[in-house]
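Peer 1: Please construct the entire structure, taking both the sequences and the accompanying hints into account.
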Amino acid sequence: MSAVLSALVHDYAAHTPLRLRAIDAYMAFCAVIALVQLVYCVLVGSFPYNAFLAGFGSAAACFVFAAALRIKSDERNAHQFSGSPEGAFAEFVFCHIVLHFIVANFLG
Amino acid sequence: MKVLGLSAVDQTRLLRICILGLISIVAIGSRLYSVLRFESVIHEFDPWFNYRTTKYLVHHGFEKFWNWFDESAWYPLGRVVGGTLYPGIMVTSAAIYNALHALNIPVDIRNVCVFLAPGFSALTAIATYQLGKEVKNETAGLLAAAFMGVAPGYISRSVAGSYDNEGIAIFLLVLTFWLWLRAVRVGSAMSAAVCALSYFYMVSAWGGYVFIINLIPLHVCVLLAMGRFSNRLYVAYSTFYALGTLASMQIPFVGFQPTFTSEHMAALGAFGLIQVVAAAYYVRARVTAVQFRTFVACAAVLVAALLACVLVVLSMRGAVAPWTGRFYSLWDTAYAKVHIPIIASVSEHQPTAWPNFFFDLNVLIWLFPAGIYFSFRELSDNHVFLILYSVFAAYFAGVMVRLILTLTPIVCVLAGVAVANVFEAYLSHSPGPGVAQVPRAAIMGAMLFLLCSFQWHSSWITSTAYSSPSVVLASRGPDGSHHIIDDFREAYYWLRRNTEPHERVLSWWDYGYQLAGMADRPTLVDNNTWNNTHIATVGRIMASDEDTAYDLARRHDVDYVLVVFGAMLGYSGDDINKFLWMIRIAQGVYPNDVREQDFFNSAGEYAIGDTASKAMRESLLHKLCYYRFGDVMGAQAFDRVRKQRLPSSVTLHNFEEAYTTENWMVRIYRVKDLDNLGRSHKNAAQFDST
Chain X
1 MSAVLSALVH
11 DYAAHTPLRL
21 RAIDAYMAFC
31 AVIALVQLVY
41 CVLVGSFPYN
51 AFLAGFGSAA
61 ACFVFAAALR
71 IKSDERNAHQ
81 FSGSPEGAFA
91 EFVFCHIVLH
101 FIVANFLG
Chain U
109 MKVLGLSAVD
119 QTRLLRICIL
129 GLISIVAIGS
139 RLYSVLRFES
149 VIHEFDPWFN
159 YRTTKYLVHH
169 GFEKFWNWFD
179 ESAWYPLGRV
189 VGGTLYPGIM
199 VTSAAIYNAL
209 HALNIPVDIR
219 NVCVFLAPGF
229 SALTAIATYQ
239 LGKEVKNETA
249 GLLAAAFMGV
259 APGYISRSVA
269 GSYDNEGIAI
279 FLLVLTFWLW
289 LRAVRVGSAM
299 SAAVCALSYF
309 YMVSAWGGYV
319 FIINLIPLHV
329 CVLLAMGRFS
339 NRLYVAYSTF
349 YALGTLASMQ
359 IPFVGFQPTF
369 TSEHMAALGA
379 FGLIQVVAAA
389 YYVRARVTAV
399 QFRTFVACAA
409 VLVAALLACV
419 LVVLSMRGAV
429 APWTGRFYSL
439 WDTAYAKVHI
449 PIIASVSEHQ
459 PTAWPNFFFD
469 LNVLIWLFPA
479 GIYFSFRELS
489 DNHVFLILYS
499 VFAAYFAGVM
509 VRLILTLTPI
519 VCVLAGVAVA
529 NVFEAYLSHS
539 PGPGVAQVPR
549 AAIMGAMLFL
559 LCSFQWHSSW
569 ITSTAYSSPS
579 VVLASRGPDG
589 SHHIIDDFRE
599 AYYWLRRNTE
609 PHERVLSWWD
619 YGYQLAGMAD
629 RPTLVDNNTW
639 NNTHIATVGR
649 IMASDEDTAY
659 DLARRHDVDY
669 VLVVFGAMLG
679 YSGDDINKFL
689 WMIRIAQGVY
699 PNDVREQDFF
709 NSAGEYAIGD
719 TASKAMRESL
729 LHKLCYYRFG
739 DVMGAQAFDR
749 VRKQRLPSSV
759 TLHNFEEAYT
769 TENWMVRIYR
779 VKDLDNLGRS
789 HKNAAQFDST
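Residue numbers (my numbering), protein chains in the order written: chain X, 1 to 108; chain U, 109 to 798.
Errors might be hidden in some of the hints.
The calculated label-pair distances, taken between Cβ atoms and stated as ranges, are [said to hold, decoys possible]: (1) X:Pro85 with U:Pro459: 50 to 56 Å; (2) X:Tyr12 with U:Gly191: 47 to 53 Å; (3) X:Leu38 with U:Asn685: 51 to 57 Å; (4) X:Val36 with U:Ala203: 25 to 31 Å; (5) X:Val44 with U:Pro477: 54 to 60 Å; (6) X:Val44 with U:His664: 43 to 49 Å; (7) U:Pro477 with X:His96: 41 to 47 Å; (8) U:Ala416 with X:Ala51: 26 to 32 Å; (9) X:Leu38 with U:Tyr481: 33 to 39 Å; (10) U:Val420 with X:Tyr12: 31 to 37 Å; (11) X:His96 with U:Val420: 44 to 50 Å; (12) X:Leu5 with U:Pro459: 54 to 60 Å.
I should point out that these hints are in silico values taken from the structure, not numbers from a laboratory.
Each residue gets a CB set at the ideal place from its N, CA and C atoms; glycine is no exception.
Peer 2: The following block contains the structure:
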C-alpha cells in the first residue's frame, strides 16, 4: 500500500502543471474548512442548524466547483468536453454567483 | 428552392417555430372548455386555497405572506400558512399579476389564476420538444411536444380554472429533466447549475419534487454500476447536488428535511459515492494495474468500515427518519387503509384501473414500449435515464391514479421517439433495402390516421371528462335543455352575506378550502388534513347522537354546521356516502365512542330508511340530511342515491335549519344557543308543544 502511495506522490510531483496544483491547493483548503466546521458542530452542537448547513454546504460546494474546474482544465480530459478552459472558468464563476445568493439567504 | 428568401436550414427552423406555435395554441385552446361553458371560476377544492393565498400575497405583500399565521383555519388551532405551503404557484401568479399591472393592463387576480395552468401547458409542450430533441432529434421533439400538448393525463390537472400545484410543476419537471440530460451529455457545469435552479423552482412548487431527487441519483448509481463513470457525469451531478440541495432548503416547508429524511438519503449517498469513484478513477490513471488493485482493496475496506460505524451511530440515535406515510404507502399499498385512513379515503389515491391508462394516454400507451425498445437499442447515458424514468413512473402510475400525471411526460417523449423512428424508416427517399412503395404508403397512412385519432380522442376526453368545475354542476333536462346546478356557491354566498365574520362553520374537511375561499368564514377542518385528531373529532360529532354532538359542537365554539346532501338530484358525492369514511377516521382516534359496525343494520346493509340501525338513525349527519326531506318529496319519498325509501320521521332539537339550497344539495344548520331556563332543547320543545 505504501508503494502505491509513493507512486502516486511521484506521479503527481512529476506530471501536474502549476495551474492544476493551484486548484488542488484551493480544494484542500475548502476540504479543511468543511472539516473544521463539521468537527465544531459535533463537539459544540448544531444550533443554529441553518448557519451550520450554510457554512458546511458552501465549503463543500466550493470544493465541488473547484473539482469541476480542475477536471475541465486538465489537458488530458480535453477530448471529453466541448468547451474551452476559459469557458470552464466562466461556468465556475456562474456557479459561485448562484451559490452566493443561496448561502446569503440561508445564513439567517 | 428559396421560400421567403431563406435557405433550406432556415426554412426548417421557421417551420419548426411555426409548428411549436400551433402546438401551443392548441394546448391552450383545448383547456378552455369550462371557461367557455360556465365562467372563469376556480375549480375543485385545493385550488381555492391556492387562490386565497395568492390574493393575500397580492394584497398584503411578500413579507406578510411569508409570515402569515391564519387563525380562521383549523379553529381553534390555526395554521402557519407561510411555513406549510409550496409557494411556487402563488409567487408565479403574483409576479405575472404585478408585471401586467406595471404595464397598466388591469387583469383581475382571479383571471390570472384561472389561466395560469393553460399558459404553462404551452411552455410544457415546448420543454417536451427540447427533451425529445435532446434524446433523439427534432422530429421526435416535435412529435413529443404535439403529444404533450393534448395528452389527457396532463390536461386533467391543467385545465383553465384548475389552479393547482401540478399546473406549473409538470413544466418544471420536464425542464429539470431536460437540463439534467443536457448537463450529463455535455458535461457542463452551467447546465447543471441552471438545472439546480429549475429544481429549486420545482421544490417551491410541488411535493412531487421527491421524485426528481430520487430519480437523478438513481440514474447516477445505475450508470456507475454499468461501469459508465465519466468526468462529465461527475461535473454534472456534483454541481447539481451541491446547489440543488442548498437551494431546496430555502423553502420553509422543506426546511432541513434533505439532511435527515429517507426520501433525500439516496441523493446524499450518490453524492458520496461519485466522489469516491472519481478519486478511484484518478488513482487508476496514474498507477499500474496491480498497485491499483491493492489500493482499491484497502480503500474499500476502510470506507466500508467507516460507513458502517456512521450508520450504526445514526440509527441508534434515531437520526435518520423513516419514509413518511404518504410515500411509504406507495410501496406497501395496504398500509394506508389500516394505519392512515385519511390517505386511503382520497379517491385519487386509489390504484389505477386498466381502462384509465387507455383513457388518459390512448395511442401512446402502445407506442411507449416501442420507445423503450429503441432506447435499449441506442443505450447512451441519456437513454438509461429514460428507461429508469419509464419503469418507475409506470409502477407509481399503477399504484395511484393521480400519478398518471408523472407518467405522461415520459410516455409522450418515448412515443415521439418511436414514431420518429417509424418516419425515418418509411419516409426516407433513399432507394434503400427492399421497402416497396405501396406498403410504405399504407403504413404511413395508418400512422397518420392513428395520430389524428389521438388528437380527436384527447379533445373529446377533455371536453366530456376533465372540464367540469366541480363547484358548478350541469345536467340536461328531459327535453335536452341545459340546467345549471349552482348550489354550492349559493350556500357559500348565503353564509358570506347572512352570518357574522367571526362565526365558525363545521363541515367535513372536503369543503374547508371552498368555505374559506368563498364564504370567508373560520372553519374547523379543511383539505390540508394535517391534524388527524381534529378531523376525527369532526367525524365523531357527525356520527354521534344529537345531544353528544351538540355538547361537542358547543365545546368547539361551532356556530353553523354544513352538510352536502345529494338525494334529490342523485349526486353521489354527498356526505351520507362519505359517512363510512368519517366513521372509520373517528374510530381510529375514538374507538370506544364510534364503531363502524354499529352503523350497519342487523342484515348487514348500509340502510338509511326505517330499517337503519339505531346509531345510524340517531346520528347527527343522518338527521341533518334527512330533516324535512320527506315533506318536500311527498308520499313516494325516495333517496335517489342510495335507492331506498326515506325514514318516516326525523326529529331535530339542538340544531335549527338555517338555509337549504334550491336543489337540497347543501344544508346549513345553526347550533342553537343554550336555553334561557337551562332546560335541554328537547324538554323545551315538549313544553312548547303542550
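Peer 1: All hints, please: hold or fail.
Peer 2: Hints versus structure:
no.	hint	in the structure
1	X:Pro85 with U:Pro459: 50 to 56 Å	holds, 54 Å
2	X:Tyr12 with U:Gly191: 47 to 53 Å	holds, 49 Å
3	X:Leu38 with U:Asn685: 51 to 57 Å	holds, 56 Å
4	X:Val36 with U:Ala203: 25 to 31 Å	violated, 40 Å
5	X:Val44 with U:Pro477: 54 to 60 Å	holds, 56 Å
6	X:Val44 with U:His664: 43 to 49 Å	holds, 46 Å
7	U:Pro477 with X:His96: 41 to 47 Å	holds, 44 Å
8	U:Ala416 with X:Ala51: 26 to 32 Å	holds, 30 Å
9	X:Leu38 with U:Tyr481: 33 to 39 Å	violated, 48 Å
10	U:Val420 with X:Tyr12: 31 to 37 Å	holds, 35 Å
11	X:His96 with U:Val420: 44 to 50 Å	violated, 37 Å
12	X:Leu5 with U:Pro459: 54 to 60 Å	holds, 56 Å
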